[in-house]
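Those protein sequence lines, which keep their order, are chains A and B.
To convert, take the position in the first sequence, counting from 1, and add 2; that gives this note's numbering.
To convert, take the position in the second sequence, counting from 1, and add 1087; that gives this note's numbering.
Hints listed in this document are in silico derivations from the structure and should not be mistaken for laboratory results.
Keep in mind that the hints are not guaranteed to be accurate.
[As the list claims (entries may be wrong)] Once the Cα atoms are required to be at most 27 angstroms apart in a straight line, the calculated DSSO-like pairs of lysine-lysine come out as:
| # | chain 1 | residue 1 | chain 2 | residue 2 |
| --- | --- | --- | --- | --- |
| 1 | B | Lys1203 | B | Lys1229 |
| 2 | A | Lys130 | B | Lys1229 |
| 3 | A | Lys130 | A | Lys13 |
| 4 | A | Lys117 | B | Lys1229 |
| 5 | A | Lys117 | A | Lys86 |
| 6 | A | Lys84 | A | Lys13 |
[To be verified] Calculated from the model, a selection of chain A residues having no Cβ within reach of chain B, i.e. all distances over 10 angstroms:
| # | residue |
| --- | --- |
| 7 | Ser20 |
| 8 | Glu56 |
| 9 | Pro106 |
| 10 | Arg110 |
| 11 | Leu136 |
Where is the CB? At the ideal position from N, CA and C, for every residue including glycine.
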Amino acid sequence: MEHGKGGRQVKALIVDDSAMMRKVVERALRQAGVNLTEVAQANNGAEALEILREAASSQNGIDLIFSDINMPVMDGLEFVEKRKEEGLAPGAPVVMITTEGSSPLVMRALAAGAKGYICKPFTTDQVKACVMPLLSAASMA
Amino acid sequence: MATAVHGKLDGVTMAMVTDTGYLDQAVEEVFGMMLGVSVESVGREETGLEDETTMMTAMVGLAGAVSGTCAVLVREAGAIRMAGGMSGMDLDAVDDTVLDGLGEISNMLAGAWKAKIPELNVACMLSVPTVVTGTQYVVHRKAPAFLSERSYRMEEHFFTVRVYGVIQ
């Protein structure tokens, strides 16, 4: 399945308390060839849950979620756990973005349903290698 | 700088946290991957940073096997260049984007530094970054048990990375 230009259109949700990192992630996704048609942004897990609830009620599905772990208000770990509890965007793979790749928090996030993680700093190739298989798997599910 | 008191716990040693080679690797990774620029290490005296009246300092706290701080010191122009390079935006003054970007750079440097030390990587957590701006301020710190510091040049800009604290 091709997700690049002309491929499957992808609506992404990027969750990070840093506007800079949200911009960097969006740019990396586009450079990786993901055909982003819409990018929703949230400052923390609580905002992200609201976006997912709204998307669920409006049938405007999110296809891919990128979330930081260390955020104020609600961190990425609590976000993925609550998302799982509420069954929000169940088909959208969640990728954690973190500076702490070996952190127990990452392991807990994976246990809570995150499908992968990317350590900062990252390259476009690393983003591509992580995301493309997840989008392919999601499209076949 | 190594002492018997702070010698070893959880496998983290004084030699590990004072190895400036780890700082060099972390800086090279972060600036190469996120900004696409190369940096070179320089002597601290060459930077003139301590004498600067307008400075920015980004700090990330370390907690766990090591308790301390990772700090990045840079002039405003350098911070603007860093944030602009990271965001791909044309920035010309210190604003929220620059503060955000410098904070993220310090966060990534702290993460990349501790990732070089496996014993530390699994046993040390990072705080969210704090950025201090202003003129002629001094960051006071309790006498650290260890200090690892290096200064660098990125194009015409200088910055210093400093990691200090105690091994718990």
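- Against the structure, test the hints numbered earlier, and report the numbers of the ones violated in rising order. Hints 2, 4, 7, 9 contradicted; others consistent.
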